[in-house]
Amino acid sequence: MEYYDRMYDRVSTRNEKPLQRIPRAIYNVTTTEDPVIQKV
Numbered sequence: 001m002e003y004y005d006r007m008y009d010r011v012s013t014r015n016e017k018p019l020q021r022i023p024r025a026i027y028n029v030t031t032t033e034d035p036v037i038q039k040v
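Going by UniProt numbering, the first residue of the sequence shown is number 1, and it counts up by one from there.
Rather than coming from a laboratory, the hints here were simulated on the basis of the structure. Glycine included, every Cβ here is placed at the ideal spot set by N, Cα and C. Do not rely on the hints blindly, as some may be mistaken.
Claimed, not checked - Simulated DEER-style distance windows between Cβ atoms:
1) N28 to Y4: 38 to 48 Å
2) T13 to V36: 33 to 43 Å
3) D5 to V40: 15 to 25 Å
4) V40 to D9: 31 to 41 Å
5) Q38 to R10: 34 to 44 Å
6) T31 to E2: 17 to 27 Å
7) S12 to Q38: 35 to 45 Å
8) I26 to D5: 40 to 50 Å
9) D5 to A25: 15 to 25 Å
Produce the entire structure from the sequences given, and follow the hints as far as they go.
Here it is, written out as structure tokens:
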């Protein structure tokens, strides 16, 4: 699980905080490849 910065809970139009891009692996699993759905 990734770290969550609580500062994002208090973001508003007056209190802006820029988002940061974090490099990570993104998996696009279809429903036919999903092992949980295959068991159902």
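Hints and how they fare:
1. N28 to Y4: 38 to 48 Å: Since N28 and Y4 have Cβ atoms about 24 Å apart, the given range 38 to 48 Å is violated.
2. T13 to V36: 33 to 43 Å: Given a distance of about 39 Å, which is inside 33 to 43 Å, the answer is holds.
3. D5 to V40: 15 to 25 Å: 36 Å Cβ-Cβ, so the 15 to 25 Å window is violated.
4. V40 to D9: 31 to 41 Å: 35 Å Cβ-Cβ, so the 31 to 41 Å window holds.
5. Q38 to R10: 34 to 44 Å: holds (42 Å)
6. T31 to E2: 17 to 27 Å: Between T31 and E2, where Cβ atoms are some 25 Å apart, the hint holds.
7. S12 to Q38: 35 to 45 Å: holds (43 Å)
8. I26 to D5: 40 to 50 Å: violated (20 Å)
9. D5 to A25: 15 to 25 Å: holds (21 Å)
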